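*Asks:* Here are the chains, one letter per residue:
2 protein chains.
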Amino acid sequence: MSEDIITAAMVVIGDEILSGRTREGNAHHLARMLTEAGIDLREVRVVADDQPAIVEAVNALRARNTYLFTSGGIGPTHDDITADAIGVALGLPVDKDARAMEILTSHYEKSGQPFTEARQRMARVPEGAILIDNPISAAPGFIVGNVHVMAGVPAIFQAMLDQVLPTLRAGRKLASQAIFCRFGEGVIGAPLGAIQNDHPKTVIGSYPRYEDGRHWAEIVVRSADADALEAAADAVRAMLEELEVKHGE
Amino acid sequence: MSEDIITAAMVVIGDEILSGRTREGNAHHLARMLTEAGIDLREVRVVADDQPAIVEAVNALRARNTYLFTSGGIGPTHDDITADAIGVALGLPVDKDARAMEILTSHYEKSGQPFTEARQRMARVPEGAILIDNPISAAPGFIVGNVHVMAGVPAIFQAMLDQVLPTLRAGRKLASQAIFCRFGEGVIGAPLGAIQNDHPKTVIGSYPRYEDGRHWAEIVVRSADADALEAAADAVRAMLEELEVKHGE
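These protein sequence lines are chains A and B, in that order.
Be aware that the first sequence starts at 1, since it is given in our numbering, and climbs by one per residue.
Be aware that the second sequence starts at 1, since it is given in our numbering, and climbs by one per residue.
Watch out, some of these pointers could steer you wrong.
Because identical chains cannot be distinguished in the list, a pair is counted as satisfied if it fits within a single copy or across any two copies.
In silico lysine-lysine, DSSO-like type, Cα no more than 30 Å apart, as pairs [unchecked claim]:
{"id": "1", "residue 1": "Lys110", "residue 2": "Lys246"}
{"id": "2", "residue 1": "Lys173", "residue 2": "Lys96"}
{"id": "3", "residue 1": "Lys173", "residue 2": "Lys246"}
{"id": "4", "residue 1": "Lys246", "residue 2": "Lys96"}
{"id": "5", "residue 1": "Lys173", "residue 2": "Lys110"}
Honestly, the hints are just simulated from the structure, not real lab data.
Keep in mind it's a predicted model, so treat the numbers as computed, not measured.
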């Protein structure tokens, strides 16, 4: 690993995820987008709408990763406590942001809905935060330090992430090859371990599948080095051909 | 909150989740099953196939929850390191378990497949662990202390959880009422906060939805106390009726 490895973590905030009421999908979307950008997502934590829990997770993860992303808890109700929790985590005062107030005032004027005190809470961000535009319902996300605070509603989360991604330093992109393997992991385990040992510049993963009563596996080889990737993938394919001969049909 | 609150946490282990290759679903299943059992899932962490990361998450979460569940990393390949990581976390030696070897030997005899050294790795558990039966592919999960180690493949995870659930102390079951709200969170935010203040024995959540260009919200009231639940839910419904009159059609 070298200095051009860019890492990230995510904190998902919301009682509704932990109670099983809502199935979380933003982590999966973020994982795919970051992998595409060559950024290594190291950890995801799902925590409740509880200030100490949010503060602990944010501080643990922002300290040891290049970037931290959060989703959820930036709406107008009493259980939306993310902005205040981020303020506590970073030791920054939280107040209504003039630019955010402008955006929201204009949005509610156009929509003819009242700009209630509850809605004005959505303009509160930690001091010095940069706003992230919300093209769907106006209430902005924000960036403060390396922490990117985004909405929990998937369409809004995705729109915010689309804006944030071009601002991130991209890592060395890992290329990958996925190899279908009709043998279960029990058969390939030992030879695959040997191939991993012989190809230290690659990361070889094996993902068991179980469908229609049959076990198979997908073998994925990843590397930032194209030659190393090809050599390791060739070794995997040669190993599988050998197994075909040995185990026959 | 009192001593009859039973809490849980989960550690999901797997590079394939963090790279976005696989969409995780076991956390959502566990969340629903635990809520049903009256057990409060407090936190979920997704970590890589990396021993220090697994050890840190397991030790942080097992210490402060009644139960900890893990999924993933108990197969036969070199990247399946959960059993060893749990051993390190709990300070216990890890070795092949006689009963697990028996189960696996019999399984592979019946299936006519070789019981390879890689497959024998699946019999390795920390000293003193209780096995969790795997009715699908034989390789057992295990329980050690308050840590329940289960497979990542969803069908196997679910089968293992079905066995484990009846052994857990059930908490006071929270009853809940979900109330449809056609107003966005900006309108209901302030009155809902007031209702929460007036009904401390309940937890009131509001979950914004955005569909077909319209915002609405689902309000969920939860309580272990049936009377408190009914009173708070009545207050929410009265608040919504008042808003109907005020905002008209």
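*Asks:* Determine for every hint whether it applies to the structure shown.
*Replies:* How the hints compare with the structure:
{"no.": "1", "hint": "Lys110 <-> Lys246", "verdict": "between (71 Å within a copy, 20 Å between copies)"}
{"no.": "2", "hint": "Lys173 <-> Lys96", "verdict": "neither (39 Å within a copy, 39 Å between copies)"}
{"no.": "3", "hint": "Lys173 <-> Lys246", "verdict": "neither (37 Å within a copy, 55 Å between copies)"}
{"no.": "4", "hint": "Lys246 <-> Lys96", "verdict": "between (70 Å within a copy, 28 Å between copies)"}
{"no.": "5", "hint": "Lys173 <-> Lys110", "verdict": "neither (43 Å within a copy, 45 Å between copies)"}
When each numbered hint is compared with the structure, violations occur for hints 2, 3 and 5.
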